[in-house]
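Student: In my numbering, the protein residues as written are 79 to 419.
Just so you know, the hints here were simulated from the structure itself, not pulled from any lab data. Keep in mind that the hints are not guaranteed to be accurate.
In the DSSO-like style, the derived pairs of lysine-lysine whose C-alpha atoms are separated by at most 27 angstroms in a straight line are [to be verified]:
hint	residue 1	residue 2
1	LYS177	LYS361
2	LYS330	LYS411
3	LYS411	LYS307
4	LYS210	LYS114
5	LYS88	LYS111
6	LYS112	LYS143
7	LYS269	LYS104
8	LYS343	LYS323
9	LYS210	LYS243
10	LYS114	LYS149
11	LYS109	LYS177
12	LYS201	LYS112
13	LYS401	LYS166
14	LYS177	LYS112
15	LYS284	LYS341
16	LYS285	LYS307
17	LYS343	LYS398
18	LYS111	LYS143
19	LYS341	LYS411
20	LYS177	LYS149
21	LYS411	LYS284
Okay, the calculated beta carbon distance ranges per label pair [claimed, not checked]:
hint	residue 1	residue 2	range
22	GLU234	LYS164	29 to 35 angstroms
23	ASP179	CYS101	34 to 40 angstroms
24	LYS256	ARG145	46 to 52 angstroms
25	THR193	GLU253	35 to 41 angstroms
For every residue, glycine included, the Cβ atom is placed at its ideal position computed from N, Cα and C.
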Amino acid sequence: MAFFLCPKCKRVWQYPIEKCPDCFLKLERIKSKKMKVIGGGKTTIPSVFHQKIPYFVYLFEDENKNRWIQKSERELKVGEEIETGKAKDKNSVAIWRIKYDFFEAIEKLVEILGTINLNQNSKILILPTLIKDSHSYFRDNTSPEFLEATIQFLIENGVETHNIKVCSQSFDEIEIGKKAQKSGLLEICQKYKVTPFDLAKGSFVKKGDLEISEEVFKADLILNLPILKIEKAGATENLFFFLKKENYFGQKYLYSDSEIFEKLKNQIPEVLTIAEANRVQDKRGINYYLNLALASFNPKNLDRVFFEITKEKELPEILKDVKIEGIPILGRKIEEVKLEI
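Can you build the whole structure from these sequences, using the hints too?
Tutor: Here it is in structure tokens:
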């Protein structure tokens, strides 16, 4: 949990405001390292966003005496100290609730997975969802706020902005530049002096019968940054944009999405997926507030967990071989965050 402290008057806020309203000084961000239960109990009355009962709500306190409430699927005891587990393998999926900003969720997800090293020379390649020339409030594409928080996280961890590339390409008749501009993602790139890159204008490397963007092989860290949508394997399918457009459609004619993905996975370096699931869209274009972010080095596992959270029973072909029982889940439990429509 993160809190924001005024260095002069020592007032603390749980949400990110730029300056103390009394002292007009920039707030310092402080992270909770320990948390323990100091109160709470069982809830037996349903609400719009918490329809499944009973569940537990607890008041937590950190080492600095800051307090907050949090939902739990299991009964805890007063005085019990809670630790967030760390991932033991690359197939784990981390789930975190977004409270007031994306930055904290991204930071916590990376902390749980705990396997990336960043420095000023690290070359980062970011692949957001960028499929429509629509405004950000439609949530067709990765939101500007989520991309901005990711770039801020990289900068805070020492990465130089000139070493960050935000890339994608268009698989339809609309130019990727128009999509980037209307979605608000181009504005974020310009704000932080990050390089926006059209993969279609770059070179591709032949790997077996696949043609993959050479940018993939230049990066020290590849970040897959999809926005998740109900009934779609958004994290897994987003990686197809690393393929040359003509090559991808040729592969689609001969192979299933699952077969294409397995070939692609075996040819490219490791990819960290950090997925936006704050407001999720169904096939009708209706948005629901889920207030989550998920992360994993295995995008199929991440998509499968998301399908479980949104209670979708009909899995796409690309996910049918993924068993939810075999996926290590860390951070928050599925039962605590399930979507209630």
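Student: Determine for every hint whether it applies to the structure shown.
Tutor: Evaluated hints:
1. LYS177 - LYS361: holds, 26 angstroms
2. LYS330 - LYS411: Measuring from Cα to Cα gives roughly 36 angstroms; hence the hint is violated.
3. LYS411 - LYS307: With a Cα-Cα distance of about 20 angstroms, the restraint between LYS411 and LYS307 holds, given a limit of 27 angstroms.
4. LYS210 - LYS114: Cα-Cα ~45 angstroms, so violated.
5. LYS88 - LYS111: Holds, because 19 angstroms separates the two Cα atoms, which is no more than 27 angstroms.
6. LYS112 - LYS143: holds, 10 angstroms
7. LYS269 - LYS104: holds, 20 angstroms
8. LYS343 - LYS323: holds, 17 angstroms
9. LYS210 - LYS243: holds, 20 angstroms
10. LYS114 - LYS149: Answer holds: LYS114 to LYS149 is near 14 angstroms, not above 27 angstroms.
11. LYS109 - LYS177: holds, 14 angstroms
12. LYS201 - LYS112: violated, 33 angstroms
13. LYS401 - LYS166: Holds: LYS401 and LYS166 sit about 18 angstroms apart, inside 27 angstroms.
14. LYS177 - LYS112: It holds: about 18 angstroms lies between the C-alpha atoms, which stays within 27 angstroms.
15. LYS284 - LYS341: holds, 12 angstroms
16. LYS285 - LYS307: Distance of about 30 angstroms is beyond 27 angstroms: violated.
17. LYS343 - LYS398: Satisfied, since the Cα-Cα distance of roughly 17 angstroms is no more than 27 angstroms.
18. LYS111 - LYS143: holds, 12 angstroms
19. LYS341 - LYS411: violated, 32 angstroms
20. LYS177 - LYS149: Holds, because 13 angstroms separates the two Cα atoms, which is no more than 27 angstroms.
21. LYS411 - LYS284: Distance of about 41 angstroms is beyond 27 angstroms: violated.
22. GLU234 - LYS164: 29 to 35 angstroms: violated, 20 angstroms
23. ASP179 - CYS101: 34 to 40 angstroms: Distance hint for ASP179, CYS101 is violated at roughly 21 angstroms.
24. LYS256 - ARG145: 46 to 52 angstroms: holds, 47 angstroms
25. THR193 - GLU253: 35 to 41 angstroms: holds, 36 angstroms
When the structure is compared with the earlier hints, violations turn up for hints 2, 4, 12, 16, 19, 21, 22, 23 and for no others.
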